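Let's have the full structure, built from the sequences with the hints guiding it.
Protein chains: 2
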Amino acid sequence: MSDYIKDKKIEDINIGIIGFGYIASCVYSLIREQRDYLAKKIKKNINIARIAEKDLKKIDSSSLAGLKDIKISSSASDVLQDESIDIVVELVGGIDPAYDYVHEALSSGKYVVTANKDLLANKGGDLFAAAEKNNVDLLFEASVGGGIPIIGPLKSSLASNNINEIIGIVNGTTNYILTRMEKDNLSFDEALKKAQELGYAEKSNPSSDIEGYDSACKLAILSSIAFNSRVTLKDVYKEGITGVSSDDIRNALDMGYRIKLLAIGIEENSEISVRVHPALIPADHILASIEDTFNAVYVYGNYVGEMMSYGRGAGDRPTASSVVGDIVKIARNFDRNKKGIIYGCSCFENKKFKSIDDTVSKFYILMDVVDKPGVLARIAEVFGKNSVSIESMVQKQRDKKKSAGLIFITHEVVNKNLSKSIKDISELDVVNEVLSVIRVEDLS
Amino acid sequence: MSDYIKDKKIEDINIGIIGFGYIASCVYSLIREQRDYLAKKIKKNINIARIAEKDLKKIDSSSLAGLKDIKISSSASDVLQDESIDIVVELVGGIDPAYDYVHEALSSGKYVVTANKDLLANKGGDLFAAAEKNNVDLLFEASVGGGIPIIGPLKSSLASNNINEIIGIVNGTTNYILTRMEKDNLSFDEALKKAQELGYAEKSNPSSDIEGYDSACKLAILSSIAFNSRVTLKDVYKEGITGVSSDDIRNALDMGYRIKLLAIGIEENSEISVRVHPALIPADHILASIEDTFNAVYVYGNYVGEMMSYGRGAGDRPTASSVVGDIVKIARNFDRNKKGIIYGCSCFENKKFKSIDDTVSKFYILMDVVDKPGVLARIAEVFGKNSVSIESMVQKQRDKKKSAGLIFITHEVVNKNLSKSIKDISELDVVNEVLSVIRVEDLS
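Chains as they are written, first to last, in our numbering: chain A, 1 to 444; chain C, 1 to 444.
If you're looking for bench data, these hints aren't it; they were derived computationally from the structure.
Heads up, the list lumps identical chains together, so a pair's fine if it works in one copy or across two of them.
Calculated cross-link-like contacts (lysine to aspartate or glutamate; reagent style DMTMM-like; alpha-carbon spacing at most 25 Å):
| no. | residue 1 | residue 2 |
| --- | --- | --- |
| 1 | 362 | 211 |
| 2 | 40 | 268 |
| 3 | 351 | 36 |
| 4 | 71 | 12 |
| 5 | 238 | 96 |
| 6 | 351 | 33 |
| 7 | 41 | 126 |
| 8 | 43 | 335 |
| 9 | 339 | 11 |
| 10 | 44 | 78 |
| 11 | 44 | 335 |
| 12 | 183 | 442 |
| 13 | 57 | 96 |
| 14 | 352 | 36 |
| 15 | 339 | 132 |
| 16 | 133 | 96 |
| 17 | 352 | 412 |
| 18 | 339 | 12 |
| 19 | 183 | 291 |
| 20 | 54 | 83 |
| 21 | 41 | 335 |
| 22 | 338 | 11 |
| 23 | 9 | 132 |
| 24 | 71 | 82 |
| 25 | 351 | 235 |
| 26 | 194 | 182 |
| 27 | 58 | 78 |
| 28 | 338 | 132 |
| 29 | 9 | 349 |
Here the structure is a predicted model, which is why all the values come from computation and not from measurement.
Below, the structure written as structure tokens:
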């Protein structure tokens, strides 16, 4: 015990942790290691009072100091029904049974801190309503961007801004894969294998990351805050990076671009566009310098202008930093009798979504065509018929005999027109294959 | 009035603004423009009740809508003595009389929001003590990095971290000058002139920016929070960018570096090192991509790892965004009877400072020497005698006849040894001039 704690009588804030895996054991260690430090800062004792974990074998009390003094049980109810618990830290993950745990905690007037992106992206609306009804809050900084403070700034320092645009690189696995494909000249499969070896991608089923599901959850959470209107996972258009080839990355570099998996939320004329897809972005834009497993969230607000937060988007220590940061926000002015909302939900509007078909983008298109005169004219005719206008075209010799690679960059076109033109072009006898269609975001 | 405000009875939070210049009139406009929006978000009305401005001519009520309905006076006392004012926004700038205004406001139980870096870097300790004594808070997000949220994140989301290092590019004027010297191949004087023409640098006296004073104030503020120990302006070592030449920028680029004016705070073994100086940093580090008037603050914490916030470091709209962000933090859970501290001062330690003489750095040194055999041996001898070890040396032919340019990069050396060696080398008859001595920060 520090001198500070001996000298002054300070209040305990009692924490109950539900789910004791990789992140939770780091949250536990952090709070134990920094308890005196935090007590000096916030004049409260953060006290882990209970832990519930269905699989008791996960809790190895011999390896974590002090764990034997804490009430541990296999039933979440033991945490939820303990009236002395002020804050429930939900680290079970997934929607079921996490939803029930969080709902019950909020309904009984407990604050909740969670890192659970799936839960919030799917059922956030219900849970924030339960929090408001009970005059407590549900905080979730760790659900997006690991250790990067972005939810807090959007809710407080930037609160007066109309956010027009939010662009995230919010999945470290895919950013690592794309970075290594570029820097080490690897194929997608080779880079994925490397990510799996290093523990950045799941071995059995990496699809949540590489298909864009993880980014889409995070975008739903960020966009709900940015646009003051509930965005759920099903509202987000998503494309992963499995179709991005080494050729695409080389071609992009040659034209001054890098390829990143972006999570883009835009509000225009009270209509929200939310989409996750790979994109070519200018190599000199700051988002292009986000490499390997780093994450960044770029925001454009009508007063603040451009703003970006950058850091470690995953890992136990950065995530624990955000979880404990949320505990600190609640604990600092904690009043057990009065409770009160820290940030609250700001989805007071009900905005429409713009369909991906009606979205306007520039596109990069790589196709393999028969190498003979007149081919370009036939392709250009199809683009023209579909109102797709071309900004630039480059021909590249390909390996196969009698075939050529054509790279097009379009002007801004309506997505459905582009789709129609690609379908028609694929059917031309002079076109062997349309190899890649990737959006271009000039971020200007 | 919005429907929301008509439907529900929500509390007014009364703001008094002291000092009505460039920033304050934007704060006024922002609050007026976003009042309904904020009311929906935070369930409070932000109400500008009074404005005090010594020079009443500055207040052009014809140009700002609604201003004629607000109580305006030339005396700060009218704001300070109005018991209905909940939050005083101090935008007078400078230390005197701002110190008295802020102290009086806090002493009478009013919250204070300020953008005043000089005041906090010089007299912060006194003012935070007054705030704590009166159970209110003094918030200052706008004092560092304009619109970038960095004070809030350090105080809340990152609160559990021991911050080991904080590196800022916190002066837009100097960053603009260095960027333009590099990109447009300008001399320092040409780039300064351009910055002055564009309003980025003061015309009459740009020294506060280019001599590092502005960055040093901001570093004192950031370091006090990061290291939980009061750092004032006088504790900060500072060197400006007036000695950086086009040659230095070219040479740096050739070696894979860019030159930035850094504000560096490091804590090691409970000793604080705080220094502002230009430095060569690796061109592929994310801080090297901060260009023109943008600012960034890079933090290393023991849990979060590397984290960076980036954005517009100056200008009326970004600064107003942060000022109103602070108002929002106070207003959200405002309790007129109970008051309460939002973040509070965390300078609960009293750490020692490391002298710049004892600091260890790498150095870039450019000198003009007589072009004849044996010169290098004589210079190397002086370095050796002073325990300065050389990592690399490049010779460059210079314009003048019979003279050569030598570029040295040292290994890490104690600053006082480097200074002694430079003094001795300057006195060698084979050395025409030591042109530049700039630190190298590898940021690894």
